[in-house]
Amino acid sequence: MAKQISYQETARRKLKIGADKLANVVKVTLGPKGRNVVLDKGFGAPTITNDGVSIAKEIELEDKIENLGAEIVAT
Numbered sequence: 899m900a901k902q903i904s905y906q907e908t909a910r911r912k913l914k915i916g917a918d919k920l921a922n923v924v925k926v927t928l929g930p931k932g933r934n935v936v937l938d939k940g941f942g943a944p945t946i947t948n949d950g951v952s953i954a955k956e957i958e959l960e961d962k963i964e965n966l967g968a969e970i971v972a973t
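The numbering used here applies: residue 899 is where the sequence shown begins, and numbers increase by one.
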């Protein structure tokens with residue numbers, strides 16, 4: 899598979915989009931009125947959780963560079 903290479907503003911923008919996507923999913927679970935999130939792993943039954951760490955570990959985005967941004971935030 900070919901490598902995807904991004905430079906400068908394009909790379910920064912995609913990394914930020916990935917980080918923002920992860921943050922938006924995790925932030926709804928925070929606080930005393932935190933909501934649940936459904937995770938579909940592609941096999942078996944979907945998982946319902948409100949644990950931000952579990953959600954952050956399971957998120958995988960389509961775009962590779964956006965996914966890197968999400969992984970940076972999750973670690």
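Note that these hints are calculated values from the structure, not bench results. Just so we're clear, the structure is a prediction, and the values are computed from it rather than from any experiment. Heads up, a few of these hints could be off.
[What the hints assert, rightly or not] Dumping the calculated DSS-like pairs for lysine-lysine here, alpha-carbon to alpha-carbon at most 27 angstroms: (1) K939 / K912; (2) K912 / K931; (3) K919 / K962; (4) K901 / K925; (5) K962 / K931.
[To be verified] So the derived label-pair ranges between C-beta atoms look like this: (6) K901 / I970: 15 to 23 angstroms; (7) G929 / A900: 19 to 27 angstroms; (8) K955 / R933: 30 to 38 angstroms; (9) G940 / S904: 26 to 34 angstroms; (10) D961 / V936: 18 to 26 angstroms; (11) G929 / Y905: 35 to 43 angstroms; (12) N934 / K901: 22 to 30 angstroms; (13) V926 / E958: 29 to 37 angstroms; (14) K955 / K914: 17 to 25 angstroms; (15) K939 / I970: 33 to 41 angstroms; (16) R910 / I946: 16 to 24 angstroms; (17) R911 / N934: 13 to 21 angstroms; (18) R911 / A943: 32 to 40 angstroms; (19) P944 / E907: 18 to 26 angstroms.
C-beta: ideal position from N, C-alpha, C; glycine also.
Hint by hint, here is what the structure shows:
Note on K939 and K912: the hinted pairing holds, with a Cα-Cα distance of about 24 angstroms set against a maximum of 27 angstroms. Our distance criterion of 27 angstroms between C-alpha atoms is broken by K912 and K931, whose separation comes to about 31 angstroms. Of the pairs offered as hints, the one joining K919 and K962 holds, with about 13 angstroms between alpha carbons and a cut-off of 27 angstroms not exceeded. Proximity of K901 to K925 is assessed by CA-CA distance (about 32 angstroms); at most 27 angstroms being required, the pair is judged violated.
Restraint check for K962 and K931: not satisfied, since their Cα atoms lie roughly 33 angstroms apart, outside the 27 angstroms limit. Look at K901 against I970: about 18 angstroms separates their beta carbons, and that is inside 15 to 23 angstroms. Taking the beta carbon of each, G929 and A900 are about 43 angstroms apart, not inside 19 to 27 angstroms as hinted. Roughly 19 angstroms separates the CB atoms of K955 and R933, a value that falls outside the hinted 30 to 38 angstroms.
A hinted range of 26 to 34 angstroms for the beta carbons of G940 and S904 is consistent with their spacing of about 27 angstroms. The hinted window of 18 to 26 angstroms between D961 and V936 holds, with their beta carbons roughly 22 angstroms apart. Take G929 and Y905: their Cβ atoms lie about 39 angstroms apart, and the range 35 to 43 angstroms holds. The hint said 22 to 30 angstroms for the Cβ distance between N934 and K901, and at roughly 37 angstroms that hint is violated.
Checked against the hint of 29 to 37 angstroms, the C-beta distance between V926 and E958 comes to roughly 18 angstroms, which is inconsistent with it. Judged by the Cβ atoms, the range 17 to 25 angstroms given for K955 and K914 holds: they are separated by roughly 20 angstroms. Between K939 and I970 the beta carbons are some 22 angstroms apart, a value that contradicts the proposed interval 33 to 41 angstroms. Distance hint check: the CB atoms of R910 and I946 are about 34 angstroms apart, inconsistent with the given range 16 to 24 angstroms.
Checked against the given bound of 13 to 21 angstroms, the beta carbons of R911 and N934, roughly 31 angstroms apart, lie outside it. Taking 32 to 40 angstroms as the suggested C-beta distance range, the pair R911 and A943 conforms, at roughly 36 angstroms. The hinted window of 18 to 26 angstroms between P944 and E907 is violated, with their beta carbons roughly 37 angstroms apart.
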